[in-house]
Amino acid sequence: MSLSMKTKAFAMALSLGLVAGCSSTGDTGETGDAYGSDVSAVDQQGGTVYGGAEDAGISAGGLTDAERDRARAAAEQAAEEAKRAITTFYFDFDTSEIKPAARDVLIAHAAFLAANPGQQVRLEGHADERGTKEYNLALGERRANAVQRFLIVNGANRGQIETVSYGEEKPAVMGTDDSSWAQNRRVELIFK
Amino acid sequence: MKNFRLLKAKNRTCRKFRPNRFTTYRNGLAALMLWLVSVQAQAELMITISEGVESAIPVAVVPFKETGVVPGGDRLSDILRDDLTLSGEFNTLAPAKMLSLPSRGDDVFYRDWRLLGQRYLVVGEVTQQGDRLNARFEVFDVASQQRILGETAGAPVASARSLAHYISDKVYEAITGVPGAFSTRLAYVTLQSNNGQLLYKLQVSDVDGKRARVRLESPEPILSPAWSPDARKLAYVSFETGKPVVYIHELASGQRTAIADFPGLNSAPAWSADGRSLLLTLSKDGNAEIYKMDIASRSLTRLTNHWSIDTEGSWSADGRGFFFTSDRSGGPQIYHMENERAEPRRVTFGSRYNARPRPSDDGRYVYYVHQREGAFHIARTHLETGEETVLTRTQLDESPSVSPNGRMLIYATKQGGRSVLTVITSEGGSSYTLPASEGDVREPAWSPIVR
Chain L
1 MSLSMKTKAF
11 AMALSLGLVA
21 GCSSTGDTGE
31 TGDAYGSDVS
41 AVDQQGGTVY
51 GGAEDAGISA
61 GGLTDAERDR
71 ARAAAEQAAE
81 EAKRAITTFY
91 FDFDTSEIKP
101 AARDVLIAHA
111 AFLAANPGQQ
121 VRLEGHADER
131 GTKEYNLALG
141 ERRANAVQRF
151 LIVNGANRGQ
161 IETVSYGEEK
171 PAVMGTDDSS
181 WAQNRRVELI
191 FK
Chain E
1 MKNFRLLKAK
11 NRTCRKFRPN
21 RFTTYRNGLA
31 ALMLWLVSVQ
41 AQAELMITIS
51 EGVESAIPVA
61 VVPFKETGVV
71 PGGDRLSDIL
81 RDDLTLSGEF
91 NTLAPAKMLS
101 LPSRGDDVFY
111 RDWRLLGQRY
121 LVVGEVTQQG
131 DRLNARFEVF
141 DVASQQRILG
151 ETAGAPVASA
161 RSLAHYISDK
171 VYEAITGVPG
181 AFSTRLAYVT
191 LQSNNGQLLY
201 KLQVSDVDGK
211 RARVRLESPE
221 PILSPAWSPD
231 ARKLAYVSFE
241 TGKPVVYIHE
251 LASGQRTAIA
261 DFPGLNSAPA
271 WSADGRSLLL
281 TLSKDGNAEI
291 YKMDIASRSL
301 TRLTNHWSID
311 TEGSWSADGR
321 GFFFTSDRSG
331 GPQIYHMENE
341 RAEPRRVTFG
351 SRYNARPRPS
361 DDGRYVYYVH
371 QREGAFHIAR
381 THLETGEETV
391 LTRTQLDESP
401 SVSPNGRMLI
411 YATKQGGRSV
421 LTVITSEGGS
431 SYTLPASEGD
441 VREPAWSPIV
451 R
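Quick mapping for you: the protein sequence lines, in order, are chains L and E.
Position 31 (the first sequence) corresponds to 31 in UniProt numbering; numbering is contiguous.
Position 136 (the second sequence) corresponds to 136 in UniProt numbering; numbering is contiguous.
Everything labelled a hint here was simulated from the structure, so no lab data went into it.
None of these values were measured; they are calculated from a predicted model.
Incorrect hints may appear among the rest.
[Said to hold, decoys possible] Think about it this way: if two alpha-carbon atoms lie no more than 20 Å apart in a straight line, the pair counts; the simulated EDC-like pairs of lysine to aspartate or glutamate are:
#: 1; chain 1: E; residue 1: LYS210; chain 2: E; residue 2: ASP440
#: 2; chain 1: E; residue 1: LYS284; chain 2: L; residue 2: GLU124
#: 3; chain 1: E; residue 1: LYS243; chain 2: L; residue 2: GLU162
Okay, chain L solo, but in the shape it has when bound (with noise of 0.2 Å):
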């Protein structure tokens, strides 16, 4: 399932990476690694890895407007559904900050919510290991919260979403180690 998903991502970020580079300036770089400069900060702390960051935009020759239309119609429907792909984001020790990289990918999941009113949504908020399990659970719920609040902001309903705090008892991955900790502090949009 989840194998799945992100092979259907893979091919959507290249597919944005060849369209979106033809279409709208020519240049193929620019664009291109703008998506893939998003993607790869998401990567450097440890999320979902897809390799859409590669230089897939290589030929755009002998395309007609029709076709071009269709393609950046469908490329924008890629790239949201892409965006959406990503659905744990992480915070810095001991914040609940909403890091830059992820504001387009959570808004991306509030338009979704926003177009689906049927769609539930659980956040649920973690933190890693160190410090106390006590204010861990405050720290897990501020930062589902954070979340919370962003989507409503981005147009979701308050009534879609569920929040919920492991604190630190849910870690991703064991270790004790700061890119496992980094991987830790965490709130995951589970759909349901």
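Go by the hints and put chain E onto chain L.
Same frame as chain L, now just chain E:
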């Protein structure tokens, strides 16, 4: 259907290495189907003495003379010797080094014990009569050649360990002047992973990790066990319904009540000294705040009011005010409110992360988790002088809990990638470790002294 088991207590002894025997009952409690199980638990914690003690008092516990058919297993005098060693305040003499093995005062040759450098000497005799064990024990001050304690005590054979811990308490008090805490219990949470399936167990054991009994099992997290002042109930947080809910669990009957199940956080329970109310952290009104709940009426009084995180409340020794953690200054720090309406006063300033305060019963100190140079230790602050002392050298330390006599401190830390419990003296000296036989053990809570 939630898959968790509630384990019902029965007054039974535990024998090591016997397979669990489960007796299953059905019981509809609230909307949940609970499996009530009585279990003969195996000892799940082991003991490792991790540091020698140089300043400790030398004491010789002579193997007690045994009359009649005394049951096998650990002998009373062995348990007594272990207890005194674990306290970190005594250096016990190995029986093999003893020059004589007296069992009563008339047989004591003080010179023998002076030669061996002993300051105190404990002798005794244990007799079995029917299903009862009776012990007679005496403590001598070697230098003054005085008997400082002479007592008898008895218990059912099945409660031999309780009898031994009782004797330890008396011997400890005769020598130090402070009541012993060896008859108290520990509550803690173990976590095992079987093929990725997590299993949390709330357990209660003796302070030496023996006679462990499982009280609740759940695939979802259990945390923050807190003893009622009469040591008959535990309050704790369980995620068994998919969110944090505070329960009160009566140990003898296994009866449970979900006492706080509001939207958002329900956590950090702490009992008042009269057992009638709980401090709780709730976020039902927006963010984490501390409330007092009257248990009988369930009525709530909000005690903090700030946009920051306020949590980990714990009554101060005088019972009027309380300590708590708040990040209102930008990071978590310890605060104290003198009474329920007073202005919070910040207590810790030594570093940018100080949390989970636990005051000592004598009101002199507050113990807490303290970050220094990237590591998390247990520290304490003297409340009058404000002097801060870091007590532990381990890292990633959590959940300090002070023994009811104020002399020992248990906390959770990491060792070889696993979470273990460690006991130190409240001054920071000596330590022993209680790893689980498998998996992690965390969230220790030291019971009050039960009289």
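Proposed proximity, L/GLU162 with E/LYS243 (alpha carbon, max 20 Å): Holds, at about 11 Å.
Holds or violated: E/LYS210 to E/ASP440, with C-alpha atoms at most 20 Å apart: Roughly 17 Å between the alpha carbons, so the hint for E/LYS210 and E/ASP440 holds.
Pairwise hint evaluation, L/GLU124 against E/LYS284, where the allowed Cα distance is 20 Å at most: holds, 17 Å
The earlier numbered hints are all upheld by this structure, with none contradicted.
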